[in-house]
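Asker: Here is what each chain is made of, one letter per residue.
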Amino acid sequence: MTATQEAEEAVFVFDAEEAARARQRRMERFGRWALPIIVVALTIWGWDRVIVSNNIPHYILPRPGLVLETLIKDWPILLNALLVTLQTTVLALAVAVIGGVGLAVLFTQSKFIEMSFYPYAVILQVTPVVSIAPLIFIYVDSKTVGLLICAWIVAFFPILSNTTLGLNSADHNLRDLFRIYGASRWQQLRLLRLPAALPYFLGGLRIAGGLALIGSVVAEYVAGTGGVGSGLAFTILEAGYRLNIPRMFAALLLIAGVGVVIFMALSFLSWALLHKWHESALKREV
Amino acid sequence: MEDLVTGAAQIPAAPARSRPQTGDGAPILSMRHVTKVFGGKVMALEGMSLDIHEGDFVSLLGPSGCGKSTALRLVAGLIRPTSGRIDWGGGQQKGDIGVVFQEPTLMPWATVAQNVWLPLRLRGKSFRSVEADVKEALDLVGLGNFLDAYPRELSGGMKMRVSIARALVTRPRLILMDEPFAALDEITRHKLNDDLLALRARIGATIVFVTHSVFESVFLSNRIVVMAARPGRVLTELAVEAPYPRADEYRSTPDYAHHCGAATAALHQAMGEG
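Chains P and H are the protein sequences, given in the same order.
Under the working numbering, the residue at position 120 of the first sequence is numbered 170, and the numbers go up by one with no gaps.
Under the working numbering, the residue at position 40 of the second sequence is numbered 232, and the numbers go up by one with no gaps.
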């Protein structure tokens, strides 16, 4: 009697290992958002202290407060520049998605097309965009189109290679099944290959999002010309010429912010499309 | 009973034709001296002849490399014979078949109902128009309440049931099963074997079942085609004349034990020759 009672109680005892594990989980949950905030806050505070204690003038390294002030004061200029860069980035990403997925589908439809064109895709990818950009701006009249081409060159390859891999990764037995039931090429593509490629495509898209931003910023540097409709990179260049270092920092902050937002948006998209069925988006049951 | 047992024990036996269910006589599938050579040098299957009649449950039993999966792929039309003929009853060009693979082979991005809908969808049927058929097929395998579940939410045995429902949904004349339960644990496997026979009794399906399990083949089939390897070929055919329905109790009868012994002996012979 007492033995069984003891046994029953023992089942509900939170043993030391379980308690430690629960503590670990609580710490991790807390640390996930608290640690990055603490580290960033400490960095900013350290940055401020270094300037104050060394009497560094603001035209060499501005204090964080001044950067924030500039961000607010120059907001109209910066916002315009931000929108220009953002427009190039989003357009380039859209064209990269269309071009990358389209080429990947063509590649999987015909081995010969893949053999013929894959080398060009690789060459475009491995050639640094800074070295192609000047040529592009010679041959393309419109600056917007030139920027778009540069950003596209950088962004489309991860989408192409990932989507090609995904389209070819459809389960072999499922392919047989589709053949047995007489599926057309189009049905096979739409119902089997494209869904199978979706997780791979989304992985490529997340990389491409960041690359599209890098591509458009680099292209802006190369294009260089100012005036209305110039992006954040040109704002940085121009502020550099004028030794307006706080504005350089403010623009840099915006570029980094845009990059983070793009990454988060694409991560959310990925989760939204995959969480129902794909391993990568599933919570593991302990 | 006694002579049934001895009849099955003769090795090699003349191809026995035992059919508890009476058909109209003409086979629904007829393979004549079918040979398949891969790459001009690997003889995967040599001179296989086999007639499948309405209501048959035929097991292809043999060691790996005996060409049983090749035979199934030939029947499914996924590959063509190097020589020989495969004829379908009623002068059809192509078999009206359903297939169950060793893996459940479900689309992970689609719900259970969408997976079962697939064969009909590929024939241009909208979900609305075949919803009742999809539901019925899932009811038959006991998953009528899981229409909106995703495959990842199901156990291995349940996934296999969905796969079987998908093969049933077109009401094919012949169902091909390629070691469907090989990856499952013994308990689940027994349960699915029982259920498969119950299902067969309800819908009167004709089944060709590839397996390397003697016990499974004896329990399920009325005909066991024993195959040997290198080159893959038919060694002998055994008849299991025990009447359907066979329940779990059949596994403890002397008749079952005897057939298992006979099939094991035939399999040993197949491996010795291979």
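What the hints contain is simulated information worked out from the structure, not anything from laboratory work.
Small disclaimer: the values here were computed from a predicted structure and weren't measured.
Treat the hints loosely; a few may be bogus.
Label-pair ranges, simulated between beta-carbon atoms [to be verified]:
hint : chain 1 : residue 1 : chain 2 : residue 2 : range
1    : P       : 160       : H       : 285       : 24 to 34 Å
2    : P       : 122       : H       : 337       : 53 to 63 Å
3    : P       : 303       : H       : 317       : 53 to 63 Å
4    : H       : 363       : P       : 156       : 37 to 47 Å
5    : H       : 316       : P       : 71        : 27 to 37 Å
6    : H       : 377       : P       : 221       : 37 to 47 Å
7    : P       : 232       : H       : 339       : 19 to 29 Å
8    : P       : 322       : H       : 447       : 30 to 40 Å
9    : H       : 339       : P       : 94        : 53 to 63 Å
10   : P       : 168       : H       : 286       : 31 to 41 Å
Glycine is no exception: its CB is placed at the ideal position from the N, C-alpha and C atoms.
Asker: Going back to the hint list, which numbers does this structure go against?
Answerer: 5, 6, 8
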